[in-house]
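*Asks:* For the protein sequence lines, the chains are A and B, in the order given. Per my numbering, the first sequence starts with residue 1, numbered consecutively. Per my numbering, the second sequence starts with residue 1001, numbered consecutively.
Please note that a few of the clues may not be correct.
Selected chain A positions facing chain B (Cβ under 7 Å, derived; list incomplete) [as the list claims (entries may be wrong)]:
hint, residue
1, Y64
2, T309
3, V313
Capping the alpha-carbon separation at 35 Å, the derived lysine-lysine pairs in DSBU-like fashion look like this [unchecked claim]:
hint, chain 1, residue 1, chain 2, residue 2
4, A, K83, B, K1078
5, B, K1074, A, K72
6, B, K1098, A, K83
Hint data in this document are derived by calculation from the structure and do not stem from the laboratory. Every residue gets a Cβ at the ideal spot worked out from N, C-alpha and C, and that includes glycine.
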Amino acid sequence: MENIFVNISGSIRELIGVLGLPPLFNEAVMITVKVTGILLFIVLNALWLVYMERKVAGYIQCRYGPNRVGPKGLLQTAADISKLISKEIIIPSGADKILFLLAPVLIFTPPLMVFMVVPFGQNMAAVDLNIGVFYFLAVASLSTVIFWIAGWASNNKYSLLGGMRVVAQMISYELPMVLAVLGVVMITGTLNMSDIVRAQENLWFIFAQPVAFLIYFIAGVAECNRVPFDLTEGESEIVAGPFTEYSGMGFALFFLAEYTNVMLVSFMAATLFLGGWLAPFGLTIIPGWAWMLIKVYIMIFLFMWLRWTYPRVRVDQLMGFGWKVLVPLSLANIFITGVAIKVLDKMGW
Amino acid sequence: MFGSGLLKGLAITWKEMLTPKVTIQYPDEIYSLPDRFHGRFKLDKDACISCGMCVRACPNNVIKMETETVARKKRLLKYVMDIKYCLFCGFCVESCPKNALGYEKDFELAQYKLDKVPLVLVDEEPLPPEEKERLEAEAAQKIAAAKAKKEASGGKDKGGE
Ligand code: SF4
Ligand code: SF4
């Protein structure tokens, strides 16, 4: 069970190898298979997460949530998506047509690119990049630009305000996020995600770096634009922010991208702080990739739980909290971590 | 402590999530309606005396009634309630002197077609003229007989006084 996906990939590679084609072609086929696999994973998960979100919301609000379409309402999201696909895409007359249509198409690209380095299990990263963490932070922040494109191209004041809020919020919270991750990187001395997971063999970094985890988590919520930091689409203030003018599939893509981002942040949290595919208490009967998924889903549930508990904060509170609390806190964390590493080094740990 | 309110909020939503849900799954389960529920109307045709009190009581002119008079008796031909204007206030039911009008425990009054909305409680053809004449004649005979009887006994009564 542990190596089921690795074995599948190996047998596909062998199968192509039998054909005796040039190695470049073999690599191309392997990459295509991996991308397709990840894409399938993302889309299925996004569909499931929308359903899960509505279920969690329902249960927290003392209702059942969707339970009509399909068994237990499982096909609800599929029905919603097919409805959205069949809808007309309305382009506002003053909009920048090319950018307006480009934004929802591009919105899936950064998360998909980042997923290439996520270690789903032991030896299960599509690309085992030695600067994985850096790559993640760099590529994930590209989303900001796409939200901004959407807000700008709509030619609508709500969209523009929403776009500006996205930029302000994402840039403000990227800083503490990066600084929090730095604490982990300082301990391990590597940017390779698989190596970071292996370094947690004895102690998960959530225990070694609790403050960093907290900062990462808060900044992650803000990066995903989720409640209580969902100012970008605060419906009582600016309708739906950058998505105001989008209809049909354009809107659906933004919606699914939000869940993909949530998944991504959860995957990173599981990798950096929760020991990735490592089994706690020596429970190795459950394969590593399943542990990874369990941890990711616990994180995702936390996100949802927060969403249905807290009200939205104000813009000034958001900015103040980011710059006046999280950034100094993460800097202090780095300082203390550095000192601790040096001291422990001298003590001969 | 700073942040304890946040944890308290989380604790509340967690507890709420685990409490049993009480939503009634409508088409599968139907809530048992109370006895005095104002639902679809029913009319006891034989008890109704076509007095028109219900028509007059209605604040929205929901009830349309047509009658014909046969042998000095009103006979109900049409009793239609245009339910889309009805408030279910119950004035019509309250005002009925014979308790002919009442409710059923049925609230599923929605229709696909607008012309299906009015509730037709009575829809009868007027009596054919021959039948009418026959009944009138019968009634006239009865009255005459009664009169004769009264006269016959009337003398006696006077005598007794
Ligand atoms: S319930 Fe009220 S509104 Fe409806 S028919 Fe009777 S009197 Fe009119
Ligand atoms: S008030 Fe009652 S008896 Fe009179 S017409 Fe209406 S239903 Fe018939």
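*Asks:* Under 7 Å, Cβ to Cβ, is where A:Y64 needs to be relative to chain B, so tell me if that hint holds or is violated.
*Replies:* Since chain B brings a Cβ to about 6 Å from A:Y64, closer than 7 Å, the hint holds.
*Asks:* Do the numbers back the hint for A:V313, that is, is its least Cβ distance to chain B under 7 Å?
*Replies:* It is violated, given that the least Cβ distance between A:V313 and chain B is near 12 Å, above 7 Å.
*Asks:* Interface hint check: A:T309, Cβ to nearest Cβ on chain B, cutoff 7 Å. Holds or violated?
*Replies:* Holds, about 4 Å.
*Asks:* Does A:K83 lie within 35 Å of B:K1098 when you go C-alpha to C-alpha?
*Replies:* The given pair, whose Cα atoms are some 54 Å apart, is violated under the 35 Å limit.
*Asks:* Is it true that the CA of A:K83 sits at most 35 Å from the CA of B:K1078?
*Replies:* Roughly 46 Å separates the two Cα atoms, so the pair is violated.
*Asks:* Tell me if the straight-line CA distance from B:K1074 to A:K72 falls inside 35 Å.
*Replies:* Roughly 58 Å separates the two Cα atoms, so the pair is violated.
Violated hints, in rising order: 3, 4, 5, 6; the structure is consistent with all others.
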